[in-house]
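Combine the two chains into a complex, taking the hints into account.
Protein sequence lines, in the order shown, are assigned to chains A and B. Residue numbering for the first sequence follows this note's numbering, starting at 50 and increasing by one per position. Residue numbering for the second sequence follows this note's numbering, starting at 7 and increasing by one per position.
Don't take each hint at face value.
Here are the computed lysine to any residue pairs in the SDA-like style, where the Cα-Cα straight-line distance is at most 25 Å [to be verified]:
#1 LYS174/A x ASP109/B
#2 LYS175/B x ALA185/B
#3 LYS212/A x ARG75/B
#4 LYS124/A x ALA213/A
#5 LYS207/A x ILE235/A
#6 LYS234/A x THR258/B
#7 LYS219/A x VAL87/B
#8 LYS212/A x GLU145/B
#9 LYS146/A x GLN118/B
#10 LYS207/A x ALA96/B
#11 LYS240/B x SER191/B
#12 LYS124/A x GLY98/A
#13 LYS240/B x GLU269/B
#14 LYS127/A x LYS212/A
#15 LYS146/A x VAL154/B
#16 LYS219/A x LEU230/A
#17 LYS146/A x ARG67/B
#18 LYS146/A x SER38/B
#19 LYS146/A x GLY111/B
#20 LYS128/A x LEU230/A
#21 LYS127/A x ALA228/A
#22 LYS99/A x VAL176/A
#23 LYS124/A x GLY163/A
#24 LYS212/A x ALA141/B
#25 LYS207/A x TRP88/B
#26 LYS127/A x PRO153/A
#27 LYS207/A x ARG106/B
#28 LYS219/A x ASP225/B
#29 LYS219/A x ALA252/B
#30 LYS146/A x ALA70/A
#31 LYS195/A x LEU93/A
#32 LYS207/A x ALA253/B
#33 LYS219/A x LYS85/B
#34 LYS156/A x VAL152/B
#35 LYS234/A x GLU260/B
#36 LYS207/A x ILE86/B
#37 LYS156/A x ALA132/A
A few chain B positions that, by computed beta-carbon distances, are all more than 10 Å from chain A [to be verified]:
#38 GLY93
#39 LEU133
#40 TRP194
Treat the hints as calculated values from the structure; they're not laboratory data. Beta carbons are placed, not taken as given, at the ideal position from N, Cα and C, and that holds for glycine.
So you can see what is in the structure, the chains are spelled out below.
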Amino acid sequence: MTRIIALAVLLILAPVSEGRAAAIVGQPAPAIELRDSDGKTVRLDAFKGKFVVLEWVNFQCPFVGKHYGSGNMQKLQKKYTEAGVVWLSVCSSAQGKQGYVTGPEAKKAMEEKGAAPSRFLLDPKGVVGKAYGAKTTPHMFVIDPKGTLVYNGAIDDKPSTDKADIVTAKNYLAAALDASLSGKKIEVAASQPYGCSVKY
Amino acid sequence: MTRHAPARSRPLCLLVGVAFASSLLPSSARASENVTVALLSETATVEPGRPFYVGVRMSMRTGWHTYWRNPGDAGLPPKIVWNLPEGFSAGPIEWPAPERFLDDGSMSYGYQGEVLLPIEIVPPARLAGDSATLAGTFEWLECADVCVPGSSELRLSLPVRPETPSPGKAAPSFAEARARMPAPSEGWAFRAEAGARAISLEFRAPRGAAPRGAYLFVDEPLVVDYAAPQGFEKTGDGYRLTAIPAANAQGTPERLTGVLVLEGRSGSTPRAAVRVDVPVARGDPAPAPDSPADSRPPVSWHIVLIAVAGFGLAALLARFALRRNRS
Numbered sequence: 050m051t052r053i054i055a056l057a058v059l060l061i062l063a064p065v066s067e068g069r070a071a072a073i074v075g076q077p078a079p080a081i082e083l084r085d086s087d088g089k090t091v092r093l094d095a096f097k098g099k100f101v102v103l104e105w106v107n108f109q110c111p112f113v114g115k116h117y118g119s120g121n122m123q124k125l126q127k128k129y130t131e132a133g134v135v136w137l138s139v140c141s142s143a144q145g146k147q148g149y150v151t152g153p154e155a156k157k158a159m160e161e162k163g164a165a166p167s168r169f170l171l172d173p174k175g176v177v178g179k180a181y182g183a184k185t186t187p188h189m190f191v192i193d194p195k196g197t198l199v200y201n202g203a204i205d206d207k208p209s210t211d212k213a214d215i216v217t218a219k220n221y222l223a224a225a226l227d228a229s230l231s232g233k234k235i236e237v238a239a240s241q242p243y244g245c246s247v248k249y
Numbered sequence: 007m008t009r010h011a012p013a014r015s016r017p018l019c020l021l022v023g024v025a026f027a028s029s030l031l032p033s034s035a036r037a038s039e040n041v042t043v044a045l046l047s048e049t050a051t052v053e054p055g056r057p058f059y060v061g062v063r064m065s066m067r068t069g070w071h072t073y074w075r076n077p078g079d080a081g082l083p084p085k086i087v088w089n090l091p092e093g094f095s096a097g098p099i100e101w102p103a104p105e106r107f108l109d110d111g112s113m114s115y116g117y118q119g120e121v122l123l124p125i126e127i128v129p130p131a132r133l134a135g136d137s138a139t140l141a142g143t144f145e146w147l148e149c150a151d152v153c154v155p156g157s158s159e160l161r162l163s164l165p166v167r168p169e170t171p172s173p174g175k176a177a178p179s180f181a182e183a184r185a186r187m188p189a190p191s192e193g194w195a196f197r198a199e200a201g202a203r204a205i206s207l208e209f210r211a212p213r214g215a216a217p218r219g220a221y222l223f224v225d226e227p228l229v230v231d232y233a234a235p236q237g238f239e240k241t242g243d244g245y246r247l248t249a250i251p252a253a254n255a256q257g258t259p260e261r262l263t264g265v266l267v268l269e270g271r272s273g274s275t276p277r278a279a280v281r282v283d284v285p286v287a288r289g290d291p292a293p294a295p296d297s298p299a300d301s302r303p304p305v306s307w308h309i310v311l312i313a314v315a316g317f318g319l320a321a322l323l324a325r326f327a328l329r330r331n332r333s
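The following block holds chain B by itself, in its conformation from the complex (with noise of 0.2 Å):
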């Protein structure tokens, strides 16, 4: 997977890449092969004692991903040690919701393409001096079919200005990241149930949503079985899923917490999000039917491809046979 240059030359080939590389990237992006991190600020300036939001921004090569706050089977999500100016504080990461990543029978959540993981920053209510350098390093696990842990020292320089802070150039990206976050409960009724067949969550959403199929991402582990089938049935008022519990699952979990994908009725409708925390009552719900949210991704393309390859072949070998019985 990685490529070396012979080993005389790699000294030189080293400076020349630094030196390119240097001159590319802007002082908070760092590239690792297959992921690019930068970090980057909601506001153009910082005014003292107004909370504010920063964001890693993930870059990914195709075919690779990131991970949420619980990776599932395998993975790992990223983390940030900050180093801020005196009288800074900074908030935990805010996951946008993930998505899966089944790759023979081992369930991931995480992300691919592009991800921005805000942060909230909190500065002193009095700030010397007329800038502030946030600094961080920045740790994550990429994986495709091998993972390659990667690490990048961010750092942002913002000017701090009395007055409240114009949006900054990336500000599109930070409202983009809030439509991609689970959206709190308000509106929502949820009911969780938890025995030996399965762990039960039924809801109604509110303005009368009509999912397709729905998709629970737990936040804990030792919870759910990541990589069993979800199911999902509507109910009287409203729908039921049901998850296979943890194989291992120590007891029955006191609150269930998490975030629920609503898949729409048409390809094109937006996924919705919503956060689930609601305490488990204990009994024995039933296991609902396989939820079409579950029986979409697996059709993977080589499967396609075999089918096609498989009927062309069929096709032609009978051409050949009829060709031999006529002669």
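So that you can see chain A by itself, here it is in the shape it has in the complex (with noise of 0.2 Å):
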């Protein structure tokens, strides 16, 4: 009896207990270790000596919807691994929740939007979301090459769903990564993301 009631108060108080964390610009990026959409582990130590670019899927947000709808993330994809950036588009939304995919379906949707990612990764448990205190998809970081968090924020300084916006939008992500690759100081290295919640 007192089992069940110890059980019982378990149950009701782990949703309060919540730790907070985030990824904080100037210090070391949380560590990942999650299966990739072809089922293999990926580390994010791996890619020590690389700029590493993360960036929060949920191919059913409207918000998401106006970065891949326009083209516009996957010529950000393109460009910057092309020029030896490591692009990790990660996923935190929960089994059942809205944008949950499988690794089969995570290629599926990539093959049919064009994405191309380095690898996309699968957090379903959102632990890499939370460490990284991911609030939005998208939302954008930048790792530099020592492993240093040096860009937390939105993709853009236009938040809005709509595609017409990004052609007038200053780019923070780009302008990030310009900053970074040519050695200069980033100018804005953090903003607020705009979009929907990830769907822990």
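Spelled out as structure tokens, the structure:
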């Protein structure tokens, strides 16, 4: 009886106590160890020596739709991976929630959209999403070759679902990568990301 | 979430649907699945040269919400692009004090149920014609567990008359909306200080208000951690509220701007909201204990249900165990 009550109490308290974490600009980026869409394990420290982009994604979110429907995200992926940047798309939607994909589903969606990240990482338990404090889809991060976080925030400065805004927006991610790759200081190193909440 | 009719019958459904919808709705209202919007006027007529208020009324289905000017961790504030007659100008959306929506560690600021977003319109001093038509494209994001963008072409025609306008049918809604607006800060005293551990706002309310708790909705992004509970305590001659700085805040803000909402002593006391705009001193204020205004909302229904079910199950099992012991 006492055991059952204890269990009930635990069940009640479990959802309330939740740790708060975030990836902070200027500090080491939290570790990543996740399966990719091919079922292979991917670790962040394997990419030491390279710039790494993290892109939080949920293909059913209208803000993600804005950047894929316009071809903006694919263009950025191609441009920067060709320049030697490692691009990791991460999906933290929990099973049963919007945007959740299995490996084969992620591959199919990427093929349909012509997406070209280096890897597509599956984070259905939200471990990496919560370690980084990923709030929205999209939410973008840049990690430098030493493993330090150098950008955390929005993809650009025009929060909307309107594709027409992409042309006139200042792309924070591209600016951060261009500055990084040419050894300059990143002008905007943090911004408030915009989009759908991550469906943990 | 969206239900699709079989492909073949879709055009017919669409036709019937459109005919049905247009027969029911006034010209200024359009229905999305979850949010209905309409453009209303506070006055029945327009007098040349006299500013007046219109407002976009958003009626949200239960479980859905829309956003304040700063949406918090996720979301998007509504916006309107006007198409006004020559010589007319429109002010910004005036935002009623928002509510908080905490979901899975993500905090957003916005509205549920019904909200009216007032906008001031200034007509020109000379107006030709006997009516004026205000039109605009209104766009918003509506969210429940998923988010859907909404868009609506709004139109409102008003008679032009040379005399002082009388109140329109929607005037009471504007009075309600004003009651939800943050009050100007006359009679209040504020002092803000920011450091690495906390952003602190000391305040004295007029007429000896005795709040049970308080919450500060900050206007600007990257100032506070939205989802972290805010602190609240009584000081010698007033109160002190604290917020945790945003993890990626880039330095200390010059000014702290936003809306301070006071929670009354009893649940039935209406909440009071005031506009905050104060310079920020640099220091190292300590976080105050969690505000009681913060401890209330997270006790959600599913936790209560789990508790009830848990104890019910425990009682049942205990009875079952007792019976087995007896036999």
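Results for each hint:
no.: 1; hint: LYS174/A x ASP109/B; in the structure: 16 Å, holds
no.: 2; hint: LYS175/B x ALA185/B; in the structure: 18 Å, holds
no.: 3; hint: LYS212/A x ARG75/B; in the structure: 21 Å, holds
no.: 4; hint: LYS124/A x ALA213/A; in the structure: 16 Å, holds
no.: 5; hint: LYS207/A x ILE235/A; in the structure: 19 Å, holds
no.: 6; hint: LYS234/A x THR258/B; in the structure: 20 Å, holds
no.: 7; hint: LYS219/A x VAL87/B; in the structure: 21 Å, holds
no.: 8; hint: LYS212/A x GLU145/B; in the structure: 14 Å, holds
no.: 9; hint: LYS146/A x GLN118/B; in the structure: 22 Å, holds
no.: 10; hint: LYS207/A x ALA96/B; in the structure: 22 Å, holds
no.: 11; hint: LYS240/B x SER191/B; in the structure: 20 Å, holds
no.: 12; hint: LYS124/A x GLY98/A; in the structure: 23 Å, holds
no.: 13; hint: LYS240/B x GLU269/B; in the structure: 14 Å, holds
no.: 14; hint: LYS127/A x LYS212/A; in the structure: 19 Å, holds
no.: 15; hint: LYS146/A x VAL154/B; in the structure: 15 Å, holds
no.: 16; hint: LYS219/A x LEU230/A; in the structure: 18 Å, holds
no.: 17; hint: LYS146/A x ARG67/B; in the structure: 21 Å, holds
no.: 18; hint: LYS146/A x SER38/B; in the structure: 23 Å, holds
no.: 19; hint: LYS146/A x GLY111/B; in the structure: 16 Å, holds
no.: 20; hint: LYS128/A x LEU230/A; in the structure: 12 Å, holds
no.: 21; hint: LYS127/A x ALA228/A; in the structure: 18 Å, holds
no.: 22; hint: LYS99/A x VAL176/A; in the structure: 23 Å, holds
no.: 23; hint: LYS124/A x GLY163/A; in the structure: 9 Å, holds
no.: 24; hint: LYS212/A x ALA141/B; in the structure: 23 Å, holds
no.: 25; hint: LYS207/A x TRP88/B; in the structure: 19 Å, holds
no.: 26; hint: LYS127/A x PRO153/A; in the structure: 21 Å, holds
no.: 27; hint: LYS207/A x ARG106/B; in the structure: 24 Å, holds
no.: 28; hint: LYS219/A x ASP225/B; in the structure: 22 Å, holds
no.: 29; hint: LYS219/A x ALA252/B; in the structure: 23 Å, holds
no.: 30; hint: LYS146/A x ALA70/A; in the structure: 22 Å, holds
no.: 31; hint: LYS195/A x LEU93/A; in the structure: 11 Å, holds
no.: 32; hint: LYS207/A x ALA253/B; in the structure: 22 Å, holds
no.: 33; hint: LYS219/A x LYS85/B; in the structure: 20 Å, holds
no.: 34; hint: LYS156/A x VAL152/B; in the structure: 23 Å, holds
no.: 35; hint: LYS234/A x GLU260/B; in the structure: 23 Å, holds
no.: 36; hint: LYS207/A x ILE86/B; in the structure: 15 Å, holds
no.: 37; hint: LYS156/A x ALA132/A; in the structure: 23 Å, holds
no.: 38; hint: GLY93; in the structure: 28 Å, holds
no.: 39; hint: LEU133; in the structure: 33 Å, holds
no.: 40; hint: TRP194; in the structure: 28 Å, holds
Violated hints for the displayed structure: none, as all numbered hints are satisfied.
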